[in-house]
Structure formats: C-alpha cells, structure tokens
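Engineer: Residues per chain, in single letters:
Number of protein chains: 2
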Amino acid sequence: MEQYRLADLTAPDVRKLCQRNPLEDESILETCRLVFKDVRSRGDQAVREYTARFDRVELSQFEVTPEEWQSAEQSLDPSVVCSLEKAASNISKFHAEQLGKSEEVQVQEGVLCWRERRPIDPVGLYIPGGNAVLPSSVLMLGIPAKLAGCETVLLCVPPRSDGSVAPEVLVAAAIAGVGRVFKIGGAQAVAAMALGTETVPAVAKILGPGNRWVQTAKLLGMFHGVAIDMVAGPSEVLVVADAAADPRLVASDLIAQAEHGSDSQAILVSTSEATITETLREVERQLADLPRREYAGHALNASYAILTENLDQAFEFSNSYAPEHLILHLSEPRRHLGQIRSAGSVFLGPWSPEVAGDYASGTNHTLPTSGLARSFSGVSVDSFLKKMTVQELSQEGLSGLRPVLETLASVEGLEGHRRAVEMRFEKAGRER
Amino acid sequence: MEQYRLADLTAPDVRKLCQRNPLEDESILETCRLVFKDVRSRGDQAVREYTARFDRVELSQFEVTPEEWQSAEQSLDPSVVCSLEKAASNISKFHAEQLGKSEEVQVQEGVLCWRERRPIDPVGLYIPGGNAVLPSSVLMLGIPAKLAGCETVLLCVPPRSDGSVAPEVLVAAAIAGVGRVFKIGGAQAVAAMALGTETVPAVAKILGPGNRWVQTAKLLGMFHGVAIDMVAGPSEVLVVADAAADPRLVASDLIAQAEHGSDSQAILVSTSEATITETLREVERQLADLPRREYAGHALNASYAILTENLDQAFEFSNSYAPEHLILHLSEPRRHLGQIRSAGSVFLGPWSPEVAGDYASGTNHTLPTSGLARSFSGVSVDSFLKKMTVQELSQEGLSGLRPVLETLASVEGLEGHRRAVEMRFEKAGRER
Chain A
1 MEQYRLADLT APDVRKLCQR NPLEDESILE TCRLVFKDVR SRGDQAVREY TARFDRVELS
61 QFEVTPEEWQ SAEQSLDPSV VCSLEKAASN ISKFHAEQLG KSEEVQVQEG VLCWRERRPI
121 DPVGLYIPGG NAVLPSSVLM LGIPAKLAGC ETVLLCVPPR SDGSVAPEVL VAAAIAGVGR
181 VFKIGGAQAV AAMALGTETV PAVAKILGPG NRWVQTAKLL GMFHGVAIDM VAGPSEVLVV
241 ADAAADPRLV ASDLIAQAEH GSDSQAILVS TSEATITETL REVERQLADL PRREYAGHAL
301 NASYAILTEN LDQAFEFSNS YAPEHLILHL SEPRRHLGQI RSAGSVFLGP WSPEVAGDYA
361 SGTNHTLPTS GLARSFSGVS VDSFLKKMTV QELSQEGLSG LRPVLETLAS VEGLEGHRRA
421 VEMRFEKAGR ER
Chain B
1 MEQYRLADLT APDVRKLCQR NPLEDESILE TCRLVFKDVR SRGDQAVREY TARFDRVELS
61 QFEVTPEEWQ SAEQSLDPSV VCSLEKAASN ISKFHAEQLG KSEEVQVQEG VLCWRERRPI
121 DPVGLYIPGG NAVLPSSVLM LGIPAKLAGC ETVLLCVPPR SDGSVAPEVL VAAAIAGVGR
181 VFKIGGAQAV AAMALGTETV PAVAKILGPG NRWVQTAKLL GMFHGVAIDM VAGPSEVLVV
241 ADAAADPRLV ASDLIAQAEH GSDSQAILVS TSEATITETL REVERQLADL PRREYAGHAL
301 NASYAILTEN LDQAFEFSNS YAPEHLILHL SEPRRHLGQI RSAGSVFLGP WSPEVAGDYA
361 SGTNHTLPTS GLARSFSGVS VDSFLKKMTV QELSQEGLSG LRPVLETLAS VEGLEGHRRA
421 VEMRFEKAGR ER
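Chains as they are written, first to last, in our numbering: chain A, 1 to 432; chain B, 1 to 432.
Rather than coming from a laboratory, the hints here were simulated on the basis of the structure.
Fair warning: there could be bad hints in the mix.
Identical chains share a label here; the pair holds if one copy fits it or two copies do between them.
[As the list claims (entries may be wrong)] Think about it this way: if two alpha-carbon atoms lie no more than 16 Å apart in a straight line, the pair counts; the simulated EDC-like pairs of lysine to aspartate or glutamate are:
#	residue 1	residue 2
1	K101	D382
2	K16	E406
3	K146	E284
4	K146	D162
5	K86	E273
6	K93	D13
7	K93	D382
8	K86	E406
9	K86	E109
10	K93	D289
11	K16	E151
12	K93	E109
13	K16	E422
14	K93	E103
15	K37	E49
16	K16	D77
17	K101	E412
18	K37	D25
19	K146	E412
20	K86	D382
21	K93	D162
22	K146	E30
23	K387	E26
24	K93	E104
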C-alpha cells in the first residue's frame, strides 16, 4: 500500500486518488450493442449461442427445472440453510421499515395531493456466477423485491461449466421467494431480460452486480426503456481510524475487502502515523496464510493509506472518495455521522465489521461503488417501487388555483391549458 | 383520432398501441458521443462552438450575470411574479412532506440499523428553451433540490437568438433558489455538466426534460458516473371516462395535452360509445380557434380512442400503456385508485384537470413518459437525496450474528471475511 500525507497532496492529486476506472469502453459497448441486436432478432437462439461461446456450456433449456430446485435443497448442509434463513430474516426486518406510508397533504383548501406506492413488475435480478457462489446477493435483491410486492421476480445467473447452478444460490432464491431462475449470464442475460425472448419475459427493471459487460449492457437497457438499479464497479472500503483503533482489526477489515478481487480497493485514512504503520505491518502478517492472498495482495498493492492532521480532514477526503463501505474505527464513531456526506453503508466502531453488513445485519450489500455514493443509494425496497402522485381537487380547490393556472398558462403560451380550466367554471355557471 | 373497440384487438395490437418511439437512434448517439469527446478535451471552447452551431448564438460568457438577473425581475408583470410565487409555495408544501425521517431498526439484540439522508451535491438542472418559455419546470426541479438541502444547484437553458434567457425563467430560478444559470443548451449542456469545463462545475446528477439529443446525452452521462432522473420523451395523457363524463371537459383535457407538441399523445379510453363520439366532436369544435391548433391537430391525429366493455378492461389497458398523466373522468374516481398499477400522476374527477398539476397543485410535473411509469416515479425530493445505511453493533450483537456470518463466509469461500469476525472475539478473549 502506498502511503501519503494529505498535507503534501495537491487538489489534483486528491482527485486522482479518488478516481476509479470509468465504465466507458468502446469495445465493450460495441460487443453489448451486438448482443442486444442479436437477441432482439433471434431471441433464445442468440442467447444459446452466446452462452456456448462465453460460458462454454451448451444448454437446450435455460430455466431451472422443479427437479433442480428440489435437488438443490436436498444437497445443502442444514447449517447453511439455517444461516441463509437467519440472514433473510434480518434483511426482511430492516427492509420492511422502508415501506412507510405517504401522507395526504392538503396543499390549500380543496387541493389534496399524495403519493401512492406501486411495485415495479416484472423485475429481473442478475447474480454473477462462474467461480463465485453468491447466495447472499440473491437475498439482498430478492427480499426487498418481494417486500415491495413485485409479483414476477426472475433471476439470471451464469451456468457453471456442467450446466448447473450452485445449490446455495437456488436455496437462497427459494428463501427469498424468487420464483424463476434462468441459467444465462453476461450481456446476453441482460439483453434477454430487457428485450424478452421466447422463454425469458421482458422486465421493467434490472438490478444486480456483475462485470463490465453486464453493467454496460444494463446501461444499454436504459436506451430500450428498461430501468436499472445503478452501475456497479469493483467493491471498495475506506476505513477512518484514530490512534485508539486496533491495527489488527483495521487490517482484518482491509483484507476482507481486498479478497473480493484484485480490482478491489481498500483505503486507510488515519490521524495517527503509528496506526498506519502498525496496520500495514498487520496486513502483511494476516495476508501470509490467506487462501485468496493473490487477489488480496494485488488489490492492496493498488490501494493506499493517507495520514491526515485531524478527523475533519479525514472526513473531507472520505467525502471526496465517496466509498461504497465506510468503517469508522474511532472511539466515538456516532459523533462523526454528521460529517459524512457520501457513503454507501457506514459501520460504526470495532464491533461493526463490514462483514456484518455483507451478510446479516439486515442492511443491503448492493451498494454504490466508484464514487456513485455521491448520487446513488444502495438497493432498498424503494428500488422496487415507484410512487405515483395523485391529486383530488374540489370546485373550491380549482377556483382557488384558477388565477395562478391561467397566468402561467398564458406565460407559457398554452391557451388550451387556460381553456381547460376556464371551461370547468363555464359549466358550473350554466348549471347553477 | 383513430377509434378502436378493445374486444376487437389482439394482444399484439394492444402492445403496438402502447408502444412509443424507443430512444435508441444511432445517429443521435454518435452526435452525442462526439460532443462529449469534444467537451472533455476542449471544455468551454467546444461548448462555445456547439452553441454557435446549434443555437446560432455567439456567446463570450455563458453564465447569467447579476445585471441580467436584476433586469429580469424588473421586466416581469407583478401578476406573473405573484403566480410563480404561489405555485412555488404549493410545490414546496407538497414536496416538504417527502422529507420524512427514517426509523432506527433494532434488527436483533445489539444490532441497530438505519438510513441517513444526504443531499446530492452539486446537481445540474436542464430546462428546454428555444420557442418554449418554461418557468414552471424551473420551479418543479429547483424547489425539491433546495428542500433536499442541495447547496450547489445549477441550471442550463439554451440561449434565445439574441443571447438572452427569458426573464420568466430567471425569476422562477430566483424564487426556487437556483443560484447559477448558464446559457447552454442541448447535448453540449449535458456534457458540460457531466464532465465539467472551465466555467461549468461538474455535477453528480443531471435532471430535467429536453429533446432526444438532451436525453441521449443524459444516458451517455451515466457512462461517466453521473446520475440522471430518467429519460423523458414527449408528453402524454390517458383519460378514462364513463358515460357520466362531460365530453366538453374530456375534450379540453385531451387538447391541453395535445398542444404541447405534435409528438404528444392524448388517449381516450371509455366504457361509453356516446362519450367517445361526443368527445371527438367536441375536440374538433375546440380545436377550431386554438392558437396552437397545428401542433394539437397533428398530435391528435396520431392519438386514438378505445371503447371497452367495462372499467376493469379500461384500467387494464391504461396499466399496459402506463401513461405519464392519467385523468379519471368517472363518477367515483377514488374507488378505482387501487386498480392503477402504473401512471406518473393521477387526476381524480372533473375538478382536477391536468393543468392543475402542470402548474400549481403542488405535485411535480416532471414525470415518467413513454411507458417508463412502469418503473419510474416522477421527480420528488427523493430525486435529490441519497440514503446511506448505517449499522452499529455491540459485542453482543456481533456475537449473535457470528455463526451466520462465519457459515456464509465459508460458503462464499471468503476466509478473510470469516477471520475479520473471529479476530474481534480473540481480542475480547485476551482482554477479559
């Protein structure tokens, strides 16, 4: 890990440290556009060919069969099922609070306005596959979808080389209430859900993590009228630590992040030079026998530690970086919450490791990366709902608005707007 | 207006009637990519050249000066200022309710989770210009931004041919609290706000209506890490009317929509053949002396009326169409609210014309079009906020989650995750 002193850095230096790779890549975009064109014109057949090419599996049928569901459930260790169920219960509990009601507002006499929530339906979830087995991500997407009331929830996951899906993923889908699982991955999965094929229904929104092809395809989906959660990049953590922080724990949090993949970032910001030095030493020590030390080592080499003069500076840097995960190894972490302007999820104090949020504290682990925490929230029940506004005016209500409506219609040169109001009162006059 | 009987239509017919133009257009996309490349490499100079080319105005300086602000205020009729202020007050009142607090959830003993709202900052608003003068859209975007707490709110609007901005737009900006206005339009405005130039700051999110170039540029902005509200297409209304509806009022609502532009859509769905026949006759009558009858006539020619056997069918069609505006000319409109699954904004009964929502009922008129009401909400205070999740665990809390966390970390093959939890208890053991 590179080490810097914030005081020595210029504004462009800081910008550069906060910069992650932008998504725009001409060749990936071209590939994805081709996939969309192909899936649109040839449907399932195109999906089948891309699956053979990219996943090296020949599939006659994409959808997981009742027999596959059943055997998945039977193959799992009961402790795994139980852990998935416990995580699901916590995720449900936290997300259920997000369903709160909208209040009716009487804007003025006779003018009543409010918002009505409706589920987005159908929705499509994407879960990466290949080497990774990610049942936790299935829970994080499936549970808020069902809480929101989405009736049709489908899930695409790349098939393994034998054409199967990891049983943990299927059991998590069953627990979350996701009814249909398709063994399709990559841009072709996104194209299939965005456009619909003979077997895959077109959806109104696509959510979930995935590589650059998947994310670029999600953006392309928007050109076709499909909503997406956000563009997800490599995972990242920023730890703010003071002199009281335990370097062993700080190091363990940096490593837990770094082992996700060699493109992960794990940033340490501290007011204490000793904390930085000891944490970096601990990182080396803990890396030694880590199974995924190759990924983690690579990620940590591309990461860095920054020494700041005080916590204000530390939070200023953190806000510029806008991390996906922000861990506060501080003696009074809650006191500093108000200083955080941009972060996906925040972990307060030494007993709140990121791992808790990854799996089972109840918060969602589908979070904004690459600085998108400046403008995006993580996935929540809101991600699966839309809110329509409703207005109900009485004659008195419209009468009260009338001068404003007619003036503004005139300003905007829309005579038909003015008349639509006026005509209502002509009628009332006639009937009186 | 074409007339159909729903009973005679096949499912593909209905799909076709609900289909609006997709955004993807290779040539527009190519133009926008070029504009982005240019603005990235040459900043203000590129913006200046595009403004000369597309808006036919040579500008040495884009930002509206204090003198221009002042003279705008002085030039307006007091009744216009007063109407803008009244509309602003209603919009504020309705949107302020959306700031509600998130509750802390004790997920299990010692595991406390909640969401913290933070404003998105800076944000960029886009308002169309040219022939249109749209102060109401300035209020609809600026007011929720300020309510959300956004500190830096900029607005881009195309310059008029004399290089000025309509005073109504500037006064509305002042009322809404939008501090900086730039005379830049089209894709170059979006590129400038997405990438930043010497004079235009880069923003975290871009919101607002605009033509296909503006919307395509917004989508491109997402490739560069900038959030957008949604892709806005031509405006549209769907009216559901029963036999009791007044054909004059229904016709006035269809026309008010159609006069927006020749690509607007105004759909009538009714259970009564007489209502349809008389409404279409009224439409002809009211069109005769409408100033914008050319736009409105063109739009209505491309629109249609559908006769259904009952209201269930009418709402089924409306849900498939997913209109931006949905007006219920029904005797008991509120009773049918539960049947609406997708709409941007709903207007209940004859005293709630769309015009009320366009300007001053308080709801937002920046709404999902082209069927996006299936998956998008209109602009609200939420559009300017992100919610970060926070978790605070005690030792007991983490201890309660420990078996779940360790099991799931093992399933996902992430030993570093498992250790980050385990290590916390080793430390506790040592210290006991």
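Engineer: Hints first: check each against the structure and report whether it holds.
Structural biologist: Quick rundown of the hints versus the structure:
Within a single copy, K101 and D382 get their C-alpha atoms as close as 12 Å, and across copies as close as 15 Å, so both meet the 16 Å cut-off. Taking the shortest Cα distances, K16 and E406 never come within 16 Å of each other, neither inside one copy (52 Å) nor across copies (36 Å). Within a single copy, K146 and E284 get their C-alpha atoms no closer than 43 Å, and across copies no closer than 48 Å, so neither meets the 16 Å cut-off. Proximity of K146 and D162 under a CA criterion of 16 Å is satisfied in neither setting, with 30 Å inside one chain copy and 55 Å between copies.
Taking the shortest Cα distances, K86 and E273 never come within 16 Å of each other, neither inside one copy (40 Å) nor across copies (57 Å). Taking the shortest Cα distances, K93 and D13 never come within 16 Å of each other, neither inside one copy (43 Å) nor across copies (44 Å). Taking the shortest alpha-carbon separations for K93 and D382, only the intra-copy value of 15 Å comes in at or below 16 Å, while the best inter-copy value is 22 Å. In this assembly of identical chains, the alpha carbons of K86 and E406 lie at most 16 Å apart only when taken from different copies (13 Å versus 58 Å within one copy).
In this homomeric assembly, K86 and E109 come within 16 Å of each other (Cα to Cα) only across copies, at 14 Å, whereas the closest approach inside a single copy is 50 Å. For the identical chains of this complex, K93 and D289 are neighbours neither inside a copy (37 Å) nor across copies (60 Å), given an alpha-carbon limit of 16 Å. Taking identical chains as interchangeable, the C-alpha atoms of K16 and E151 are never at most 16 Å apart, the minima being 44 Å within one chain and 24 Å between chains. Taking CA atoms no more than 16 Å apart as the test, K93 paired with E109 passes between copies only; the shortest distance there is 13 Å, against 39 Å inside one copy.
Neither within a single protomer nor between protomers do K16 and E422 lie at most 16 Å apart by alpha-carbon distance, with minima of 59 Å and 35 Å respectively. In this homomeric assembly, K93 and E103 come within 16 Å of each other (Cα to Cα) only across copies, at 12 Å, whereas the closest approach inside a single copy is 23 Å. Taking CA atoms no more than 16 Å apart as the test, K37 paired with E49 passes inside one copy only; the shortest distance there is 14 Å, against 35 Å between copies. Taking the closest pair of Cα atoms, K16 and D77 never come within 16 Å of each other, the shortest separation being 47 Å inside a single copy and 50 Å across copies.
In this assembly of identical chains, K101 and E412 lie within 16 Å of each other by CA distance neither inside one copy nor across copies; the values are 35 Å within and 37 Å between. When the C-alpha separation of K37 and D25 is checked against a cutoff of 16 Å, the pair qualifies only between copies, where the shortest distance is 13 Å, while the shortest distance within a copy is 18 Å. For the identical chains of this complex, K146 and E412 are neighbours neither inside a copy (44 Å) nor across copies (24 Å), given an alpha-carbon limit of 16 Å. Within a single copy, K86 and D382 get their C-alpha atoms no closer than 23 Å, and across copies no closer than 31 Å, so neither meets the 16 Å cut-off.
Proximity of K93 and D162 under a CA criterion of 16 Å is satisfied in neither setting, with 37 Å inside one chain copy and 59 Å between copies. Proximity of K146 and E30 under a CA criterion of 16 Å is satisfied in neither setting, with 35 Å inside one chain copy and 40 Å between copies. For the homomeric pair K387 and E26, neither the shortest alpha-carbon distance inside one copy (36 Å) nor that between copies (32 Å) is at most 16 Å. In the homo-oligomer, the alpha carbons of K93 and E104 lie at most 16 Å apart only across protomers (11 Å), although the nearest pairing inside one protomer, at 26 Å, exceeds that limit.
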